[in-house]
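If you're matching them up, the sequences are chains A, B and C in order. At the far end of the first sequence sits residue 307, using the numbering used here, and the numbering has no gaps. At the far end of the second sequence sits residue 677, using the numbering used here, and the numbering has no gaps. At the far end of the third sequence sits residue 1100, using the numbering used here, and the numbering has no gaps.
Hints are computed from structural coordinates only; laboratory data are not their basis. This structure is a prediction, so every number in the text was calculated from the model and none was measured. Don't take every hint at face value.
Unchecked claim - Here are the simulated DSSO-like pairs of lysine-lysine, each with C-alpha atoms no more than 30 Å apart in a straight line:
| # | chain 1 | residue 1 | chain 2 | residue 2 |
| --- | --- | --- | --- | --- |
| 1 | C | Lys965 | C | Lys765 |
| 2 | B | Lys388 | C | Lys941 |
| 3 | B | Lys336 | B | Lys388 |
| 4 | B | Lys586 | B | Lys599 |
| 5 | C | Lys941 | B | Lys336 |
| 6 | B | Lys654 | C | Lys941 |
| 7 | B | Lys654 | B | Lys388 |
| 8 | B | Lys599 | B | Lys673 |
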Amino acid sequence: MQDVLYFLQQLINGLTIGSAYALIAIGYTMVYGIIGMINFAHGEIYMIGAYTALITITGLASLGVAWLPLVLLVALICAMLVSSSMGWAVERVAYRPVRGRHRLIPLISAIGMSIFLQNYVHLAQGSRNIGFPALIEGGFQFGAADSFQTSISYMQITIFITTLICMTVLSLFISRSRIGRACRAVSQDLGMANLLGIDTNRIISATFVIGAALAAVAGLLLGMYYGSIDPLFGFIAGLKAFTAAVLGGIGSIPGAMLGGLILGVSESMTSGYLSGEYKDVVSFGLLILILLFKPTGLLGKPEVEKI
Amino acid sequence: MRTPVKKIVTAVGASVALMAAGHASAEIKIGIAGPMTGPVAQYGDMQFSGARMAIERINSNGGVMGEMLEAVEVDDVCDPKQAVTVANRLVNEGVRFVIGHLCSSSTQPASDIYEDEGILMITPASTSPDITERGYELVFRTIGLDSMQGPVAARHLISLKPERVAIVHDKQQYGEGIASAVRDTLQQAGVEVAMFEGITAGDKDFSSLITKMKQADVDYIYYGGYHPELGLILRQARQAELDAVFMGPEGVGNKDINTIAGDAAEGLLVTLPPSFDEKEENQALVQAFADKGEDPSGPFVLTSYAAVQLVADGIEQADSTDPFEVAAALRSGSFETPIGTVQYDSKGDMQSFEFVVYEWHSDGSKTPVN
Amino acid sequence: MATHSLKHALFCAVVTLIIAYPILGLDLEARGTSVVLAGADTATVVSVLAAALVVFVFQLFRHRILGSLGTMPSLNPFANREPMPQDKRQRLETIALVVLVVAALIWPFFVSRGAVDLATLVLIYIMLALGLNVVVGLAGLLDLGYVAFYAVGAYTFALLHQYFGVSFWVALPVGAGLAATFGLLLGFPVLRLRGDYLAIVTLGFGEIIRILLNNMTWLTGGPNGIGGIPDPTVFGMEFGRRVKEEGNVSFHEIFDVAYSGSHKIIVLYLIALVLALFTALVIRRFTKMPVGRSWEALREDEIAARSLGLSRTAVKLSAFTIGAFFAGFAGTVFASKQGFISPESFVFLESAIILAIVVLGGMGSQLGVILAAVAVIILPELAREFSEYRMLIFGAAMVLMMVWRPQGLLPMRRIHIEINKQE
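Next up, chain A with everything else stripped away, as it sits in the complex (with noise of 0.2 Å):
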C-alpha cells in the first residue's frame, strides 16, 4: 500500500512539472511548426514572464491589494502582456529580417537573443535567486496518518487544471477561429498561404505572441510552486520544453502536451527510483532514442523527402 502511495506522489509530482514544460513547449511547437526555426530564446521570454509576475506580485503587496484572485490575475495578465510584447519584438527585431536565409543563420540569432536576454534581465535585476510568495498554500493528503501521506498541494492542482485549460482554448482557437484557420494555412505551406492573401507576418507575429503568452503563464506556476527565480533558470527550462515538444512531435500540440508529460513523470521517477542526479540523463536519453526510431517525435506527422 505504502508502496502504491509512494509511486502516486512522483506521479502527482512528474504530471505537475510536465504540464508546466507542456505550456512552454507550445511556443517552440508553434513556431517550429510554421517557419521552421528552433527559437532559442523562448526560455528567456519565460524567465522574464516569471520576473514580471512577481514584480507585480511585489509592486501590489506595497499597495496594499491583498486579495489573492485579484493578485493573480492582474500578475497573470502583466506577465502575459510583457512577455507577449518581448516575443512580438524578438521576432521583429532579431527573426524577421533573417527569415528564408540559409538555415544555421535563425538559429544563431536565436542563440544570440537568448544570450542578449539573459544578460538583460542578469544586469537590470543582479544574479541572486529571489523568493517568490507562495500564495496558494496547503492540500489534501491520502493515506493512514501513522504511514506514508500522499499529499496533492492546491498549487499542483492549479498548475494542471491551467495547462488544461489553456491547452483546450489554444486548441479550439487554432481549429476554430480564423487566425488558427490561417495558422494552419501558413504551416502546411507559407508561399502559397501568402498568395491566398493571408498577411504571413501578422500570422507569423500571433504565433510568437501565442506562444511567449503561455510561456508567461508557465512563469507565474513554476515561480510560484518552486520558490524562487533567477536569471538562468529559463535557459534549462526552455531546454526541457522543447525536447519535450520534440518528443511529442515537433509541429503537434497535443504533442507538446504528451510530450511534457511524459518527460515531466520520467524525470520524476528517475529521481523518485533511482537519483535525482540522473533525471536529465535520462530526458536527453530518451529523446535521443526517440529521434532514432521515430525521428518526427511521438505524434509528429511524417516528413516526406521532396525531390
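Using the hints provided, position chains B and C relative to the given structure of chain A.
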C-alpha cells in the same frame, strides 16, 4: 542599475590600477577574489565589505611600512572555472597577496596557481580540509575546517536523539565535504543515516527528493551546501507536509534564505562561526561598519577583515613584501585580530577555531542553542 | 500610408516601453527577510523613455531613413572591384601567411604575460573552430554538441594524468583519438537524421556528457573538477618554479636563468601555435582531397551526390570524426593551459560560441574562421571595463551580424578554374 556605487568603485579601481602600473611598487596590491555575482553573491558582499573596510582603516593609519594598500577586486562567481581565470588575471596584474576565494571549490584550483606563482593567499571562508592538506607554503585561512564544523553539527544532532537522519549535499567540495564529515560522526555514534544523496546546484524542483525523504520517514535532515537550494527544499518540504528538522552549515545562514523559504525557515539549525561582532573589543569596528551603512554580522565579514590585517601585520613583522618571508612570519608569530588571537600551524590552518550552533528564525534573526 | 505608419510607430514605441520599463525600471530587492520593489534612478527611467522615443521616430521615418542609407555611396571602396586573378591572389596569400606565422612566433617575447596567455586561448579556439568548420561549414552537418568532444579530450588528459601520471605529449594523441572514437560511435546512429533533428540530438548528447561528468564524482570529481594538470614539457624540461614529475629537469636551472613565470606561458603559446598550424594545414589538405570535395558535394545536393555514387554515411562520418578529433586536440591543450578543468567549462554556451565563430568567419573559409576566432575572443577582453556588459554585447552582436552580414567576415571562395579568354 542595481549597484551604481559598486560599479563606480570598480571603474575607479580599474583606472587607478592602470595608472599605478606606470610607477610600480608605490602601493601594495591586495587581490580580493570572491563572488560579486551569481547565486552566492551575498557571501561575496560580506567578504568584500570586510576586506575593503580593513584596507581603508589600515591606509588611514598610514598604510603598511609607509606604503598604501590597494585593492584589486575580481569576481569568480563561485565557479571553479572562473576562479582559475581570475587567478591568472591577478597574476598578470602583479598582485602578490590575495584575500580569497570564498567557495572551497574555487579556492582549491586557484591556490594551485598562487602557490606556483609565489602569491600569498588567505581565504576567509573556505572550510574544506583539502585546501591546506597539500603542503603548500603560501596558503592560509581565517576560518575553521569542515572537520571541525561537521562534528559540531553531528554532535548536536546526536544530542537531539534522532531516529533516522537524511543527509543531502550539492556535490561541491564544500557541501559534500561537510556532509561526509557529519555522516561519519553520526555513524560512529550509531545513528542511522537513512539517505546520503547529492543534488545538482541550481536545480529548482525538489519534490521527488522530498517525497523520498518522506518515504524514508526521517526526523532530521542535514543539508551540505548553500542557501538557494536549501531555501527551496525547506519551502517545498513544507508544501508537501514533510515533518522534519533541518540543519545546515554556515553556507545557509543568510537572510536570503528567509526570502525564499518564508516561514519554513523557522527552526532551522545552523552552525556558524561565533558572532565576532558582538565581542566587546570589536565595538569601535562595528560602529565603523554601521557608519558606512554596512552590516558586520555576516559570518565572513570579520574573517575577511582579519585576513587583510594578517597580511599587513605579516608584512610588518617580516619587514618585507616577499610573500615567502611574509608566510614564514605568519607561521611563527601570534596576531591580535577581530576574530581573536590567530596562531598558525605548519599547514596554514588556525590552531583553534570554534563553531556554534544557532537556531534560525523566520524574521532572519538567530539565537544560540544550548 | 501616413496614418498607418504613425499607428505602427506608436505601437512599436508602446511595446518598447512595455518590454523595457518593468524589467529595467522596477528593481526587485531583498531587504531583510522580504522582497521589496524599488524604483530605478531617474537616469534609467529617462533612458527607457528616450529609447521609446527613438523607436517611435525611427519607425515613423523608417522608409526615408533606410532609403537615404541606400543612396549613400558604398562604404566599402572595394565592393565593386574585379576579383583578383587567382594566381596573384594565391601568391599574396602565401606571403601574408608566412609573414603572419613569423610574427606570431616572435611577438610573445616582446609583450606582456597577460597578452600571451590570451593569445594561447585564441589559438585553442582557432583549433576548435577549424574542427567545427569541417562539420558545419564543409559538410553542412549542424552540430550543437561539439563541446562534448572538447570535454572528452580535456578529461582524457586530466584523468590519465591523475590516475596514471601520463604526460601531455602522450595524452595529446590519445585524447584526440578518443574524441574521434566518440564522434564515430555517436555519428553512426545519428547521421541519418536530417538537419535540425541532428542538431537536437547532438545538443542532447553534449548535455549528457556534461551531466555525466558532473555526476560521476568518484571518477571525475564532479562539479569540483580535476586540478593539478601539468604543463607540457619540452625534452623533459619543466617550466614551473619547482619540478613536479620525477626524472624531469627544470628549465631555469639548466640554462641558469632567473625563474620567470612567463617562460611557461610562452612555451605553452608556442606549442599551441604549432598545433593550431598543424590543424589548419591538415584540414586544408583534406579539403583538396576527394574526401573533402565529397563533403561539399553532399552539402550542396545530397540526392545528386548520392546518385553519383558517394556513400552518405561514410562521407558524413568522416567529417564528423575529423571534427571531433581536433576538438579532442584542443581539449588537451586547454586542460594543460588551465591546469584545472570542471564540467562548467563545457556548457552549451561554449558550443554556441564556437558555432558563432564558424558562422561569423564565413562558413567553410579557413582564414575567415581564424579571423573570427581572434575577434570573438579578444574583443571582449579589450572591453574589460565593460565586463558586466560583455555577454550582453556578445549576444547583441551575434544577432546584428546575422542580420547585416550573414555570409560572415570572409565568405568562402569556391575553388574554380579560369578559362583563358579568347583574344
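Now the hints, each set against the structure:
1. In summary, the hint linking lysine 965 of chain C to lysine 765 of chain C is supported, as the alpha carbons are separated by about 19 Å, within the 30 Å threshold.
2. For a cut-off of 30 Å, the pair hint linking lysine 388 of chain B to lysine 941 of chain C stands: about 20 Å separates their Cα positions.
3. For the suggested pair lysine 336 of chain B and lysine 388 of chain B, the alpha carbons sit about 23 Å apart, so the restraint of at most 30 Å is met.
4. At roughly 20 Å between alpha-carbon atoms, lysine 586 of chain B and lysine 599 of chain B fall within 30 Å of each other, so this suggested pair holds.
5. Our distance criterion of 30 Å between C-alpha atoms is met by lysine 941 of chain C and lysine 336 of chain B, whose separation comes to about 24 Å.
6. Restraint check for lysine 654 of chain B and lysine 941 of chain C: satisfied, since their Cα atoms lie roughly 27 Å apart, inside the 30 Å limit.
7. Between the alpha carbons of lysine 654 of chain B and lysine 388 of chain B the distance comes to roughly 25 Å, so the proposed pair stays at or under 30 Å and holds.
8. Between lysine 599 of chain B and lysine 673 of chain B the CA atoms are separated by roughly 23 Å; this keeps the pair inside 30 Å, and the hint holds.
In summary, the structure agrees with every hint in the numbered list given earlier.
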